[in-house]
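J.: Each chain, written out:
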Amino acid sequence: KEMMVREALNSALDEEMSADPKVFLMGEEVGEYQGAYKITKGLLEKYGPDRVLDTPITEAGFTGIGVGAAYHGLRPIVEFMTFNFSMQAIDHIINSAAKTNYMSAGQISVPIVFRGPNGAAAGVGAQHSQCYAAWYAHVPGLKVLSPYSAEDARGLLKAAIRDPDPVVFLENELLYGESFPVSAEVLDSSFCLPIGKAKIEREGKHVTITAFSKMVGYALKAAEILSKEGISAEVINLRSIRPLDRATINASVRKTNRLVTVEEGFPQHGVGAEICMSVVEESFEYLDAPVERISGADVPMPYAANLERLAVPQVEDIVRAAKRACYRSVPMAATA
Amino acid sequence: KEMMVREALNSALDEEMSADPKVFLMGEEVGEYQGAYKITKGLLEKYGPDRVLDTPITEAGFTGIGVGAAYHGLRPIVEFMTFNFSMQAIDHIINSAAKTNYMSAGQISVPIVFRGPNGAAAGVGAQHSQCYAAWYAHVPGLKVLSPYSAEDARGLLKAAIRDPDPVVFLENELLYGESFPVSAEVLDSSFCLPIGKAKIEREGKHVTITAFSKMVGYALKAAEILSKEGISAEVINLRSIRPLDRATINASVRKTNRLVTVEEGFPQHGVGAEICMSVVEESFEYLDAPVERISGADVPMPYAANLERLAVPQVEDIVRAAKRACYRSVPMAATA
Amino acid sequence: FSSDQTLTIETSVPFTGHKIEPPSRSVDTSPAELLSFFRDMSLMRRMEIAADSLYKAKLIRGFCHLYDGQEAAAVGMEAAITKKDSIITAYRDHCTFLARGGTLVEAFAELMGRRNGCSDGKGGSMHFYKKDARFYGGHGIVGAQVPLGCGVAFAHKYLKEGAVTFALYGDGAANQGQLFEALNISALWDLPVILICENNHYGMGTAEWRAAKSPAYYKRGDYVPGLKVDGMDVLAVKQACKFAKEHALANGPIILEMDTYRYHGHSMSDPGSTYRTRDEISGVRQERDPIERVRKLILAHELATASELKDTEKEVRKEVDDAIAQAKESPMPDPSELFTNVYVKGFGVESFGADRKEVKAVLP
Amino acid sequence: FSSDQTLTIETSVPFTGHKIEPPSRSVDTSPAELLSFFRDMSLMRRMEIAADSLYKAKLIRGFCHLYDGQEAAAVGMEAAITKKDSIITAYRDHCTFLARGGTLVEAFAELMGRRNGCSDGKGGSMHFYKKDARFYGGHGIVGAQVPLGCGVAFAHKYLKEGAVTFALYGDGAANQGQLFEALNISALWDLPVILICENNHYGMGTAEWRAAKSPAYYKRGDYVPGLKVDGMDVLAVKQACKFAKEHALANGPIILEMDTYRYHGHSMSDPGSTYRTRDEISGVRQERDPIERVRKLILAHELATASELKDTEKEVRKEVDDAIAQAKESPMPDPSELFTNVYVKGFGVESFGADRKEVKAVLP
Ligand SMILES: Cc1ncc(C[n+]2csc(CCOP(=O)(O)OP(=O)(O)O)c2C)c(N)n1
Ligand SMILES: Cc1ncc(C[n+]2csc(CCOP(=O)(O)OP(=O)(O)O)c2C)c(N)n1
Ligand SMILES: [Mg+2]
Ligand SMILES: [Mg+2]
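Those sequence lines, one after another, are chains A, B, C and D. Under my numbering, residues 1 to 336 are what the first sequence spells out, in order. Under my numbering, residues 337 to 672 are what the second sequence spells out, in order. Under my numbering, residues 673 to 1036 are what the third sequence spells out, in order. Under my numbering, residues 1037 to 1400 are what the fourth sequence spells out, in order.
These are computed hints drawn from the structure, not numbers from a lab. Computed from a prediction, not measured in an experiment: that's the story for all the values here. Any given hint could turn out to be false.
[Stated by the list, open to error] Using 25 Å as the maximum straight-line C-alpha spacing, the simulated SDA-like pairs for lysine to any residue come out as follows:
{"id": "1", "chain 1": "C", "residue 1": "K730", "chain 2": "A", "residue 2": "S179"}
{"id": "2", "chain 1": "A", "residue 1": "K38", "chain 2": "A", "residue 2": "E2"}
{"id": "3", "chain 1": "A", "residue 1": "K41", "chain 2": "C", "residue 2": "S941"}
{"id": "4", "chain 1": "A", "residue 1": "K255", "chain 2": "B", "residue 2": "G378"}
{"id": "5", "chain 1": "C", "residue 1": "K891", "chain 2": "D", "residue 2": "P1251"}
{"id": "6", "chain 1": "D", "residue 1": "K1055", "chain 2": "C", "residue 2": "P887"}
{"id": "7", "chain 1": "A", "residue 1": "K41", "chain 2": "C", "residue 2": "S945"}
{"id": "8", "chain 1": "C", "residue 1": "K730", "chain 2": "A", "residue 2": "G177"}
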């Protein structure tokens, strides 16, 4: 059976709302409009306006209200129409949500989920295309999840909603309409994925490729191409950016001895840098080649289609980097 | 001659305001109160209320106003009482300042400086102790500077004010009162440091230690201790976090073959991770030992003095890590 | 008639003031001005309709927010001010760009991500600018353009330019906290800024009263004066903007609420028909359309014949078609543009593409 | 007299209402209540003075914001509500904690960063909490506690608890945009929340009129009703809070502006004398001090003698001294506490200290 990511998210919301009356949903256009990207479709009708709340376009205000509701024991799910707008409310995510359990020595826990599409969509320009994975996962007190498939979307969102800590849940608009095969287990309402665990999407021997969100699909495509050239790539779907599954990553690199990191976000202080550091810290002696980093270009996102394509990783970038790691690449191109 | 960092910053502001009538200063308590940390002392009296503006406690509003003024050609210096409060205005720093020159294809440049104390002070708790270096330096379009000494403070702040792009200038409250020797050249009003260039504070042969801001002093102390044990450490004061001076870092590591990164901020996706990645990318074959990362602990900042001390790097941490890198350390301690 | 003879025309409805005496309903205009209003608004209307088609033909990507229905606001405002005054608006920015003197070709080329676009194809629909006419965008973050506009006004005042800034925002944006912050500062500092709330009664799919406890946006400045204006009446808009400019130069900020309407959905993904009735839309089209209002005035005063106006509309259509053809000829930006304009001064440091070992550039 | 007999006392000044009919100036109280007000406020005053000394003795570090002068607000509010109602305030939070039933030892131990502190020494001066009495802090970011408080009120309403939330903020915070955002949402959703602006007339070194174009904070809700209250008169505070609670349960948000004064500087680094005159401070002390007002009432109604009140003050002094001694006995937190409470559920992942190869922990 196949399931769209949109449906996976919607069903996860639905099931967790039905399981726990303390779960409620708030955000811009989540109710009557059925969600800007229709993730919350049908939920207002099913759970009513007390549990599905349309907010004004005032992220700081409604996020603060969500966090305050969590202080008093509710389990809010706050939708950002896109994560770009979470910057308006980022102080509440960091200072009000992430740090309060610590500052209060465990008195005030903050069981809340911040979710919405993150990173680059198509043709939406510099202000609407940023990836916030590295930023949020920088901060202790937060958990940061980023699903790729329908299985991820269902399992991780359900885990996030049930979790007693603040979770930042980074979706990808371009995946919403993608379908993935799902097992009966995944469709069961008890299904849940562990937070902090990566998934090996494809086993391989020669090189490890880490990726999250949309880039997992690209990494899998790259692995397919590489396999035709005799390179067996292991693809790790990170799923959880914080906690980062250092154990799975290191175990894989100890096996393959080579690593390519893939992310759509800006490179500096990005997810790839942290993964490289983690491997250098724990498995330095196993590395047979420099870690290769594939990332978003180090520029604001341009609008023009040709520039935009250059600004985000393509499958061929991953293939090329993997070959380099395996010493099978053509010589380096000249500097532009 | 000696100069305090506070004085260095104050004189840089003073000189650049006197040199360019388009430079003005705004922020909370910068005028009549002479600055929460007295960095702006005397400037209101000297330049008057048109150029030194006390704002209400509304960071989003006044930062947006600063950025708008820069759109029209002024050169605002926006003081955040501490960078923790910059989160209230971070959308303007990222979406309004960093991206506009790019989105407008160079029509609207944004010559603005955002400055104030960053990172941990003493005993101010979790909400007032965060380091924003990694976050801001993640974002193309911004330049991010972080001075250590009085020379840095003067030279980099003057460079930031003269620069045509948005600069995030990260000071450290605990350095304000520290004095440093300064040359006549540094005291000259024409003095300016290049953006994007690190400074080798101490040359060495066996291990490279990178640091910025207050941690440079700790790294220098560690180098002193190490030298007594026959380890010659090269200490790099990063000065510029974005652009990062990859060339200087890599040249040093190619010489010493060992690297310890030091930062006060949270580790994940931090400055150390990026430096490690940069070296792995460019000088992998030169590395004789795993890169060692010294950073803030991966927890919100606790208040209690003993816990706070554990939460930020100490000189002995740097010494220990450097010895490990040089294979001279005692065996690893057991896990807590 | 002489094209610059003075005609005095009553606005459709009186202005309503908040903490201020409203201006007179009698607006001075001229045959030439009315004819240019007709032409300008028709051109805008046509441009937006064409953008809709280009979007459906997949020549425009991503977000695209159309302004048809709201043309009187851009045109009336422009008639009241000069190019020394500044404007900043949100993502629904195509027509403001045109009003400030931008060309159709620049607009279409930008929408299609081409080199000849007003932002060289790098900005896109939401990020039009025209620095020489002091048009500061084109901003994608709801409400954020308001403090930015107050900042431009600060610069006007600092430089003693005697100019004002118009900062436009929607009814949805009107609840944003940073607007209240910026307004307080502007009032404390007497900044020459006019906040214009283009109340088209919906923020995306949310009716104004569902987003605002008090949808009387001209009063939302509380201690700042405000004026409610029929935003479908280009003459009322002109009158109000003139009045507001004088006020702002002398006394600091003022809010104008323009009662207006968008015919299209919020953006191209929104049919615009789930949260409002078709009757509501057609009612506005029939009774309040800003172009039809001017057409009627022109005909009533016999400044042109119906068929002359039809000819204008045909010309406008052709102008738009020609511009589209020209824009289509414009090439995509050169790939090297990926790395330009990140900084004004790049210090010769390296910047990287997705695969940094394959694509990098030295920033100028 | 009987300690629970009803005394009716006029408030010092009338309440001023904004879009609401203010409550009566006649406040019902009792001898017992007045005596407890005297005692509670004296205890708070003494605690803050002692904190000042401990700070100077370097036993308290970092920021420390004292509440002396403003005691009537915390005490009067508490007298009007129950522990089912919630409170959230800013960093000037010691006395609110006490009012909610927190102990002196917990307060001093927290200030000194000791294990017995109300946040186990991990929060510090600005981060006191008392969950069992629904005191949600202790928040260090100016204004941010207001949306948080509205959120707690949302939860009260969601859970049908019939309780209200008091969200306290300063005159400086009153200009923060998120306050207006939260107020709009609270008004739309009828949340049972009372916003209390403790107007001590300065935000750090900035006088109210320099930070606010309209320093009439009880009116700043615009479309939300407000009440101006003499915040130095504990009975007026009690009356207003009672009134506001009823209003909020029935009709949603309301703003109370408490006219009050802080005797100390903003925090320990501020002498508090550069931006205001010593005359101003001593004037308030002489004419409006909240403790002296109650002392006079007690003496006027002969509920206790001057020397009995002096005895109370002595007791209070001793209580504070004893608490400090006890707090000093409390050890520093165990080093392992560095890694506790980062998460409720840590999944057994590793967390790291400054040198991760030396210090790490498995999160529970
Ligand atoms: C801070 C922020 N939040 C959300 C969005 C998404 N968004 C874009 S436009 C819009 C509706 C704005 O409505 P309004 O202000 O009335 O302007 P209109 O579109 O009607 O012109 C929303 C929610 C955004 N761009 N920025
Ligand atoms: C967002 C933010 N900006 C700035 C500060 C620094 N700061 C702390 S308290 C304060 C003054 C607040 O004044 P007011 O709201 O009147 O409260 P009071 O201290 O008088 O009780 C400032 C500027 C902060 N903590 N948070
Ligand atoms: Mg609207
Ligand atoms: Mg105050």
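J.: If a hint holds in the structure, say so; if it doesn't, say that too.
T.: Results for each hint:
{"no.": "1", "hint": "C:K730 - A:S179", "result": "holds (23 Å)"}
{"no.": "2", "hint": "A:K38 - A:E2", "result": "holds (19 Å)"}
{"no.": "3", "hint": "A:K41 - C:S941", "result": "holds (16 Å)"}
{"no.": "4", "hint": "A:K255 - B:G378", "result": "violated (63 Å)"}
{"no.": "5", "hint": "C:K891 - D:P1251", "result": "holds (18 Å)"}
{"no.": "6", "hint": "D:K1055 - C:P887", "result": "holds (17 Å)"}
{"no.": "7", "hint": "A:K41 - C:S945", "result": "holds (17 Å)"}
{"no.": "8", "hint": "C:K730 - A:G177", "result": "holds (18 Å)"}
Consistency note: the structure conflicts with earlier hint 4 alone.
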